Every structure is written in structure tokens, then in C-alpha cells.
Amino acid sequence: DAGVIQSPRHEVTEMGQEVTLRCKPISGHNSLFWYRQTMMRGLELLIYFNNNVPIDDSGMPEDRFSAKMPNASFSTLKIQPSEPRDSAVYFCASLVGAKFPFFGQGTRLTVV
Amino acid sequence: GDSVTQMEGPVTLSEEAFLTINCTYTATGYPSLFWYVQYPGEGLQLLLKATKADDKGSNKGFEATYRKETTSFHLEKGSVQVSDSAVYFCALSGSSNTGKLIFGQGTTLQVKP
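Protein chains in written order, with this note's numbering: chain A, 25 to 136; chain C, 11 to 123.
In short, the hints are calculated from the structure, not lab data.
These numbers were taken from a predicted model, which means no experiment stands behind them.
Backbone N, C-alpha and C fix where the C-beta goes; we use that ideal spot for every residue, glycine too.
One or more of the hints may lead you astray.
[What the hints assert, rightly or not] Quick list of simulated restraints, FRET-style, between CB atoms:
#1 A:A96 / C:S13: 44 to 54 Å
#2 A:M39 / C:A63: 47 to 57 Å
#3 A:M39 / C:F28: 39 to 49 Å
#4 C:S24 / A:N75: 28 to 38 Å
#5 A:N95 / C:G88: 19 to 29 Å
#6 A:R46 / C:M17: 15 to 25 Å
#7 A:P94 / C:S106: 33 to 43 Å
#8 A:H34 / C:Q120: 38 to 48 Å
#9 C:E79 / A:R46: 19 to 29 Å
#10 C:Q55 / A:P94: 24 to 34 Å
#11 A:R33 / C:A63: 36 to 46 Å
[Stated by the list, open to error] Some chain C residues close to chain A (C-beta under 8 Å, calculated; not the full set):
#12 E52
#13 L56
#14 A60
#15 F99
#16 S106
#17 L111
#18 F113
[What the hints assert, rightly or not] List of simulated lysine-lysine pairs, BS3-like, C-alpha gap at most 30 Å:
#19 C:K122 / C:K66
#20 A:K48 / C:K122
#21 A:K123 / C:K70
#22 A:K123 / C:K122
#23 C:K66 / C:K87
Please put together the full structure from these sequences, using the hints given.
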């Protein structure tokens with residue numbers, strides 16, 4: 025099993041540009057989570073999906089952030105336009121049933 | 011709402027020293043409790059878990075016991091190694107069983123030879 029796969033691992037972009045982060049969950053997992061990690065706020069849940077449907081997006085900070093899950097094997101987190109304060113490590117995680125989430129290796133985003 | 015509080019780090023220990031990282035939580039109902047570990051440049055890996063009161067989770071020499079009376083889930087290891095240097099996160103999953111995790115702030119552990 026390849027685990028949760030995130031791409032890119034690192035992204036550097038200029039303020040105002042659109043950024044798209046990608047996640048492939050573990051096959052068979054039916055819940056997917058996007059977290060953001062910063063020094064100031066630690067790990068925060070942004071949004072989670074169950075069976076490809078967004079269930080709770082209360083953690084999405086602003087309208088500049090959007091997430092989609094068009095099928096069971098792919099999800100995106102988009103920031104448009106990006107700002108320096110969006111710089112963080114973004115993690116995707118997936119799980120099945122009442123188990124524990126498996127995390128990807130994260131995408132380190134730097135907005136300059 | 012639910013929350014997790016961890017002892018602040020960094021924690022610096024010599025090899026073979028005893029480790030305790032304190033974790034307390036606030037939650038309604040009966041949450042599941044977890045310790046995740048993050049090695050430099052890596053994602054989070056589950057270290058151990060406990061799903062009900064008095065359960066003890068253990069893995070790789072680490073242990074933690076779910077104490078409902080003190081709402082705690084302290085992480086312990088009898089003899090740390092340099093390879094244990096990492097950031098440790100305590101987390102809970104609420105009784106709604108959605109899999110959403112609420113994390114503590116993380117505690118950095120540095121073990122010196």
C-alpha cells in the first residue's frame with residue numbers, strides 16, 4: 025500500500041497566484057481530511073469529506089480556500105488568490121470506518 | 011468544545027533517560043485518544059491509541075493509559091533513544107466517530123547521545 029500521496033511536496037508561489045494541492049487517499053478509505061500546520065496555530069482541520077461529500081468545512085479560513093473531491097481517489101485544495109499568511113504545511117489524511125486517520129507526507133507551501 | 015492540552019517543549023533528554031509528556035483533554039462523551047509522532051520532514055504517524063477508559067496503548071516502548079478520572083493520556087517511555095527525537099502530538103477523536111482529530115500543540119523531543 026502506497027499510503028496517502030500528496031503532491032507537490034514543496035510549492036513556492038508568489039502572492040496573488042492560484043495554488044492547487046493534491047491528495048490521493050488510500051484505496052478503500054471513504055473519509056478524507058485536509059489539515060493545516062503552522063507554528064502559531066498548530067494542526068487545524070480545514071475540511072473533511074465522507075464518501076466524496078464535504079461534511080464539515082467550518083475550518084476553511086476564507087472564501088479564498090476551496091476543496092473538492094470529484095471521486096474516491098482524488099481531492100484538491102485550492103487557494104485563490106494566495107497570500108503570505110497561507111504559508112504552512114498542508115496535510116491530507118484518510119480513513120475507513122471508525123479507525124484512525126493515515127496521514128500523507130504533507131505539502132510545504134511558501135507564498136512570497 | 012473539545013480540546014487537548016500538551017506540556018510545552020522542547021524537551022531535551024540524554025539517551026536512556028525516562029520520558030513523560032503530559033496530555034490532558036476536555037471532551038463530552040467518550041473520545042478516543044491518540045499519540046502521533048512526526049519525524050523531521052515527514053507526515054504524522056500513529057504511535058499508539060486507546061479507545062476507552064483504563065485502556066493502555068503501547069508501541070515501540072512507548073505507553074499511555076486513558077485516565078478518565080483525570081482526563082489525561084500521558085506518554086511515557088522508560089529509556090529513550092536518539093532515534094526518538096521528533097515532535098509528539100496528543101489528539102482526540104470525539105464520540106461522534108467521524109474520525110476528525112483535535113490535536114494538542116505538539117511537544118518537541120530532542121534526545122542527545
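Okay, the hints, checked on the actual structure:
1. A:A96 / C:S13: 44 to 54 Å: Since the Cβ atoms of A96 (chain A) and S13 (chain C) sit about 32 Å apart, the hinted range of 44 to 54 Å is violated.
2. A:M39 / C:A63: 47 to 57 Å: Between M39 (chain A) and A63 (chain C), where Cβ atoms are some 49 Å apart, the hint holds.
3. A:M39 / C:F28: 39 to 49 Å: holds, 47 Å
4. C:S24 / A:N75: 28 to 38 Å: Since S24 (chain C) and N75 (chain A) have Cβ atoms about 49 Å apart, the given range 28 to 38 Å is violated.
5. A:N95 / C:G88: 19 to 29 Å: With Cβ atoms ~47 Å apart, the hint is violated.
6. A:R46 / C:M17: 15 to 25 Å: violated, 36 Å
7. A:P94 / C:S106: 33 to 43 Å: Violated, at about 26 Å.
8. A:H34 / C:Q120: 38 to 48 Å: For H34 (chain A) and Q120 (chain C) the Cβ distance comes to about 25 Å; the hint is violated.
9. C:E79 / A:R46: 19 to 29 Å: Given range 19 to 29 Å: violated, Cβ gap about 44 Å.
10. C:Q55 / A:P94: 24 to 34 Å: holds, 28 Å
11. A:R33 / C:A63: 36 to 46 Å: Cβ of R33 (chain A) to Cβ of A63 (chain C): about 40 Å, so the range 36 to 46 Å holds.
12. E52: Hint holds; E52 (chain C) Cβ to chain A Cβ min 6 Å, cut 8 Å.
13. L56: holds, 5 Å
14. A60: violated, 11 Å
15. F99: Hint holds; F99 (chain C) Cβ to chain A Cβ min 7 Å, cut 8 Å.
16. S106: Because about 10 Å separates S106 (chain C) from the closest Cβ in chain A, which is outside the 8 Å limit, the hint is violated.
17. L111: Because about 6 Å separates L111 (chain C) from the closest Cβ in chain A, which is inside the 8 Å limit, the hint holds.
18. F113: holds, 4 Å
19. C:K122 / C:K66: Answer holds: K122 (chain C) to K66 (chain C) is near 28 Å, not above 30 Å.
20. A:K48 / C:K122: violated, 37 Å
21. A:K123 / C:K70: At roughly 20 Å apart (the allowed maximum being 30 Å), K70 (chain C) and K123 (chain A) satisfy the hint.
22. A:K123 / C:K122: violated, 35 Å
23. C:K66 / C:K87: Judged against 30 Å, a Cα distance of about 13 Å means the pair holds.
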